[in-house]
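Going line by line, the protein sequences match chains A and B.
As numbered in the numbering used here, residues 1 to 195 make up the first sequence, in order.
As numbered in the numbering used here, residues 1 to 341 make up the second sequence, in order.
Hints listed in this document are in silico derivations from the structure and should not be mistaken for laboratory results.
Being a predicted model, the structure only gives us computed values, none of them experimental.
Wrong hints could be hidden among the right ones.
[To be verified] Which chain A residues face chain B? A few, computed with CB under 8 Å, are given here:
{"hint": "1", "residue": "Y51"}
{"hint": "2", "residue": "F52"}
{"hint": "3", "residue": "V55"}
{"hint": "4", "residue": "I58"}
Ideal Cβ positions, reconstructed from N, Cα and C, are used throughout, including at glycine.
Chain residues, written in single-letter form:
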Amino acid sequence: MTEKILFIVFSVLAVAGGLGTITRKNVVHGLLLLVFTFLNVAAIFFLTQAYFLAVIQILVYAGAIMVLFVFVIMLLNLRTFEQEEQTHRRQRWIAAALSVLVLVEFVVVLAGVTFTSVRGGLTPETMTDLGGGTKVFGDALFNNMLLPFEVASVVLLVAMVGAIVLVKREKTAGGATRAWEPGERPTPEALEEEV
Amino acid sequence: MSDPIAQLIFLIVKAILLPVLIVLFVAFVIYFERKFAGFFQARVGPTYLGPWGSLQSFGDIFKLMSKEDVTPARADKPVFKLAPYIAFIPAFLVMAVLPFGPVGGEPNLFGYRFDYVIANFDAGLVLFLAMCALGVYGVVLAGWSSNSNYSLLGGLRAGAQMISYELAMGFSVVGVMLMAGSMSLVDIVDRQAGNFWDWYFIPQIVGAVIFFIASIAELNRTPFDLAEAEQELVAGHLTEYSGMRWGMFYFAEYVNLVVVSAIVSTLYLGGWRAPLEVLDFIPGPIWLFLKICVLIFLYMWIRWTIFRYRYNQLMSIGWKVLLPLSIANLAVTAVVVSLVG
Numbered sequence: 001m002t003e004k005i006l007f008i009v010f011s012v013l014a015v016a017g018g019l020g021t022i023t024r025k026n027v028v029h030g031l032l033l034l035v036f037t038f039l040n041v042a043a044i045f046f047l048t049q050a051y052f053l054a055v056i057q058i059l060v061y062a063g064a065i066m067v068l069f070v071f072v073i074m075l076l077n078l079r080t081f082e083q084e085e086q087t088h089r090r091q092r093w094i095a096a097a098l099s100v101l102v103l104v105e106f107v108v109v110l111a112g113v114t115f116t117s118v119r120g121g122l123t124p125e126t127m128t129d130l131g132g133g134t135k136v137f138g139d140a141l142f143n144n145m146l147l148p149f150e151v152a153s154v155v156l157l158v159a160m161v162g163a164i165v166l167v168k169r170e171k172t173a174g175g176a177t178r179a180w181e182p183g184e185r186p187t188p189e190a191l192e193e194e195v
Numbered sequence: 001m002s003d004p005i006a007q008l009i010f011l012i013v014k015a016i017l018l019p020v021l022i023v024l025f026v027a028f029v030i031y032f033e034r035k036f037a038g039f040f041q042a043r044v045g046p047t048y049l050g051p052w053g054s055l056q057s058f059g060d061i062f063k064l065m066s067k068e069d070v071t072p073a074r075a076d077k078p079v080f081k082l083a084p085y086i087a088f089i090p091a092f093l094v095m096a097v098l099p100f101g102p103v104g105g106e107p108n109l110f111g112y113r114f115d116y117v118i119a120n121f122d123a124g125l126v127l128f129l130a131m132c133a134l135g136v137y138g139v140v141l142a143g144w145s146s147n148s149n150y151s152l153l154g155g156l157r158a159g160a161q162m163i164s165y166e167l168a169m170g171f172s173v174v175g176v177m178l179m180a181g182s183m184s185l186v187d188i189v190d191r192q193a194g195n196f197w198d199w200y201f202i203p204q205i206v207g208a209v210i211f212f213i214a215s216i217a218e219l220n221r222t223p224f225d226l227a228e229a230e231q232e233l234v235a236g237h238l239t240e241y242s243g244m245r246w247g248m249f250y251f252a253e254y255v256n257l258v259v260v261s262a263i264v265s266t267l268y269l270g271g272w273r274a275p276l277e278v279l280d281f282i283p284g285p286i287w288l289f290l291k292i293c294v295l296i297f298l299y300m301w302i303r304w305t306i307f308r309y310r311y312n313q314l315m316s317i318g319w320k321v322l323l324p325l326s327i328a329n330l331a332v333t334a335v336v337v338s339l340v341g
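Isolated chain B, as found in the complex (with noise of 0.2 Å):
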């Protein structure tokens, strides 16, 4: 079997096995977050299906599949048909430029190179950038074609939100783009290798709280669930999903969460990379996941915690602190880069 080929194969096995892995793995995510919130407000959460109900959610997905799809009669029937794909799509293009392992050298696997990335390209942090603003559109398209008040201004708030929030991620990731003087994540996660102290949030550590905070408003996550706000919009741009569609966006909701702790830890917790050099016997793939799942807990541990924002303080926060925060976050790593390096 030529290299090509192999490499061919390899690239096939990957593209399915990712997004399958990350799918099975999002189902016990939803557990987690329901005991979680059990746990902060004093209650026990799911507990019948599975040990400790830890099979609840693929209860949740037979209860939506045989649920009735009801469509508004006077919805706009294709876009509000088309909506839950469109978010659906985006977080699963991410994964194609996530390394989860080493990238290049010796052959690793039956004679061949084993590549631990689908694509590996140098823009694939704008990749990034591009999907979170496409994320956009699943949002204020469901919020339009349902033809509701509630959804309209449930999709208008999230747009708006996530609008104001990228420009301050872009600006806190541009950082850690002069650092590694790269745009591919696989370059980023290789100038990070070393123990802890060698990884970015340490330099980057006021663009790394900054990214942090702004993606849990593009998750649009409490305490910026603006979209949602029960108390005033019923579900937001949701209200008129039922079924299988709505479960669409709250698996999509929850594909980004894990695609989102992915990108966090590749860009300021040396991604795959172990701790320290002595863990190095550990497989790449293994610290991956174990820093996502720190980064999962962090964000359900702020979702249970804090209060959701006014709709003026979310736009103060994003335009007022965290942009012109991430600029100057910018123009200092710039000055010092361009001296040390």
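So that you can see chain A by itself, here it is in the shape it has in the complex (with noise of 0.2 Å):
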């Protein structure tokens, strides 16, 4: 009883969140409803001792990601956006019968799905029995799983080297890096570089 409480006013709130997110004009608002609606998300997770997972959402998804966000956004001082005229008025139509489409989509395939496993139903209980939501969490990561998992890591490892390469300064005809520009005057981290 008190679980189904619980869970209607954190699904609430993380609804609320998600509403707000789409509706902002401000951007780091609509950030911060996002990371609200994160939270609520972890709170749903908890609620089904899937601890884990709770806290992974909190980590990967409120810690690391959404503070990317905020970064480039604070980086680029977006706050200006809010004043311009909102373009793209007529893909709003469209957007919305595609989202339709997408919730009815998930409606059904989510209703005909029971959550089971190899070993069978996961209640709290069989949780429990098999040492605890981490450790089934990892064994069917690191067993069943490991080809997509380490697939997964690959594609993520050349996206950062894709980043780096990008971002990185062009060798000068001497073949020497050179860390600032000619007639620029030097930071002390490209002076540090050089030495």
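Got two chains here, separate frames each, mind docking them using the hints?
So, in structure tokens, the structure goes:
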């Protein structure tokens, strides 16, 4: 009973946060509401006793990804965005139709699914018998899902290397990497790199 | 009274008592910081209120509450007002997973089992890392919402610094996870049972030092207090704050200090366990408190002794020294753990 009430509270808050995210014109307010939504989703994970997932949800989404978003927006100072005219007015009908379609798909697919695993249904009790949610999750990730896991990590590595290559300065004719442009005052970092 | 009801009452008592005790303790930690700063710099520190000035913090709280709370006219008002609370909450959430005495076993209080932890679940250590990650928001949002260049630069610096040192911190903690075979803080303390040479700071000395240095950076204390570098940035992200909102940031900093000290003692110094088995008759919470006090003194000692690093030095230490070292530590620990046990 308590769980049901808490579930309703957190899911209402999560949906409200999501609605707030797409209706705010101030980008930072929108981002903060999205973080709020993530935290409520984490709370729902906690209710289902999926502690590891809940904590990872906070660590990865609210803690890492959204902080980078906040950084980019602060550095670009997108506050001026809110005054600009809204463009792409015609797209909003197509977008509405598409989102209704996705919602219907979700409902149809999820209605036919029962959440079981190789070992049968995973209730909080069976999870405790198997050594806790973290252990079950690790087992699944590094045994059954090893190939997708490795592929995903290689893809992420490629993205990281790509990002570094894109921002790396080009080599000068002499072959030495020049850390600052000629005629420019060298920054302390550049001087240190040179040494 | 049935057992679940007793556990519920215990839970409520613990969830109220632990934060209240820590907040009371923090008032004296702030006093000691000022007193120690005085000793280190050959002056006396606070002397007027109470014996040896020991009630200074309470006087400060009344002063801050009676001051005007100024909001800059062009600030982003909702975010500006919310930021102090965002800085405040993560530290308190970590207290939920902190074991401060034995967990499980025989009934020990009025015929019921009293667990010395608020929430014991198998991802407690990851919760600490997640809360560290959330701690960035308070600083960054305070810097951004003030609409002042000093604040924005301070917030950006603090954000970049915390993200950089979080990596080294996370990697160094994995060594402890591997040795204990668990991510639950309760289990980690249990695996360090015995005398002080069974604690993890001996096999994990590299990880412990990395964790300690990274935690100074996470706490934004000198030599890593670039966010508030007063010679360059006035007061960094706190420039536009006044009165109790400023006080909340200040207070959150010290709650974080206490909580991080508690986590360091839990991970590397045996948590609530006595240094020698013969001393087990002294209750666990007292040992944890003593360890926290020693660590806090260490943090203060470093703060008032070492100069602030330059920004590029800070980044080199984080990315070129601590991160590779912590990954090497993790690799060695993984090999040894898989060979030995």
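Consistency of the hints with the structure:
1. Y51: 4 Å, holds
2. F52: Where the cut-off is 8 Å and the nearest Cβ of chain B is about 4 Å from A:F52, the hint holds.
3. V55: 4 Å, holds
4. I58: 4 Å, holds
Comparing the model with each numbered hint stated earlier shows that all of them hold.
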